[in-house]
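Once you have looked at the hints, place chains B and C on chain A.
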Amino acid sequence: MPLWHIHHPVGAYSAQDKQDFAADITKYYAKAGLPEFYVVVLFHEVPASDFYVGGKPAEDTVRITVSHLARHIDEPDRRKRMTESLNVVLVPYTRDRGLHWEFQIEESPRDLWMIEGRWPPGAGTDAEKAWVAANAAIPY
Amino acid sequence: MPLWHIHHPVGAYSAQDKQDFAADITKYYAKAGLPEFYVVVLFHEVPASDFYVGGKPAEDTVRITVSHLARHIDEPDRRKRMTESLNVVLVPYTRDRGLHWEFQIEESPRDLWMIEGRWPPGAGTDAEKAWVAANAAIPY
Amino acid sequence: MPLWHIHHPVGAYSAQDKQDFAADITKYYAKAGLPEFYVVVLFHEVPASDFYVGGKPAEDTVRITVSHLARHIDEPDRRKRMTESLNVVLVPYTRDRGLHWEFQIEESPRDLWMIEGRWPPGAGTDAEKAWVAANAAIPY
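Protein chains in written order, with the numbering used here: chain A, 1 to 140; chain B, 1 to 140; chain C, 1 to 140.
Chain A on its own, in the form it takes in the complex:
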C-alpha cells in the first residue's frame, strides 16, 4: 500500500541513509498493523538542473509524495494526526540535515489495487494478519 516517492538532491543520502529512511517509514506502517511488504519506498536523485522550486534550481529540497491504499481515514482530526506523525518520521532526514521538505499524501482507490495477482485482504481481517505474519501475499 503505501507507495513513497522521495525526490532528493544529488548526494543527499548515502545507501545506508536510504535503507534507514525506508526502514523508519516501514516501521510506522507496521505499527499500524500493515504487512511490511506493503511499504514501497522509491528514491529519486534529481540534479538541480531538473529540480525547480519557485522557478529556481534547488539543491536543498526534498519533495515527497505518498500514496495510501490499504487504509483511508475519514475523521479530520485523525487525518491531521496521521499527517503530523508522518512528518515526525521525516525530520531526521530533512530538517536535521538542513534540507527543506514538503510532502503530500494521496488516496488511491483500494478496490483498484492488487498484489501478486491477489486482492489485499480487508483491514484487520484474519487474512491480513496472516499476510503480516508471512510478510508475503499468500493465498487466503
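Among these hints, one or two may not hold up.
No copy is singled out in the list; a pair is fine if it fits within one copy or between any two copies.
What the hints assert, rightly or not - With a straight-line Cα cutoff of 30 Å, these simulated DSSO-like cross-link-like pairs (lysine-lysine) come out:
id, residue 1, residue 2
1, K129, K27
2, K31, K129
3, K129, K56
4, K129, K80
5, K31, K56
6, K27, K56
Just so you know, these hints were derived from the structure itself, not from any lab.
What you are looking at is a predicted structure, and each value in this text was computed from that prediction instead of being measured.
Relative to chain A, chains B and C alone:
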C-alpha cells in the same frame, strides 16, 4: 489517458521486452475503444539501493501505477473485472519471470486533461472514433 | 502545492529552457496569489526505449502530470479555463518546438499536506500573504 509508470529492477526488461509490454497494454485499451496514442507507458529502471520493499533493498519487484482519465467505471463488479483483466496483462512480465508485482489504478479528473491543446472527445462519440481512426488528436 | 512532473525526450530542453519553463509555470501560480516556493517542477528525461506512446517508442512527446493542493476549483467553467490557461503556458515548450504534448491535473487532499513541518495557511489568509512576502514557510 492511461498513463503507466512501471518501476522495475535493473536489467529486468530488454528494449524488446519493454516494447512488447507497452504494446500489450496498448492493445488492452484499444479493444475498449480508446485511441492507441492515449496509452503512455514509462519504464523506470530503479537500482536496489533506491528501491525498498518492507524496508529492504528489492531486486525482484515490479511496482506499477496506472492513471485512468478517459473512462471512469463506477459499478463495483466492473471495477473488479477491469483490475483483474489488467493483472492478466502483467503476468507474462512479472510472475512468469519470477518477479513480485503490485499495481494500483488511480482516477484522474477527465475535465482537467488536454492533449495537443485539445479537449479529448467524450466516450463513444463520433469525434472519439475519428481520433481512433486517425490515431491522432485531430480537430473536431 | 503545485507539483509538476515533466517527462520529455532526451535533449528536448537545455538547462536554460528548463529554468525558463519552470519560471513561466511559477509566474502562473504567483499571479493567482500563491507563494512562489509552493511551485515545484521536476524534469525527467526519458529515452525512447523507456517512453511508449500507443505501444511505440516516442521521441517527440512531452507527458506532464500536475498535482494541485493549495487550491481546488469546483465550478466547471473555471476548471475549464484554468486547464486551458495552463495549456497556454505549455505551448512555447511543446507545440512551438514540434513536440506532441499531453497533460493532466490531479487534485491531492489539502489536509494531508505539510511544508517544513507546518500546515500551509488557508487560501487568501494573512498568513498565506506572509508566506508569499517571505517566500518561505515561516511560523504563523
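Evaluation of the provided hints:
{"no.": "1", "hint": "K129 / K27", "result": "within (16 Å within a copy, 38 Å between copies)"}
{"no.": "2", "hint": "K31 / K129", "result": "within (13 Å within a copy, 39 Å between copies)"}
{"no.": "3", "hint": "K129 / K56", "result": "between (47 Å within a copy, 20 Å between copies)"}
{"no.": "4", "hint": "K129 / K80", "result": "both (26 Å within a copy, 23 Å between copies)"}
{"no.": "5", "hint": "K31 / K56", "result": "between (39 Å within a copy, 17 Å between copies)"}
{"no.": "6", "hint": "K27 / K56", "result": "between (35 Å within a copy, 12 Å between copies)"}
The structure agrees with every numbered hint stated previously.
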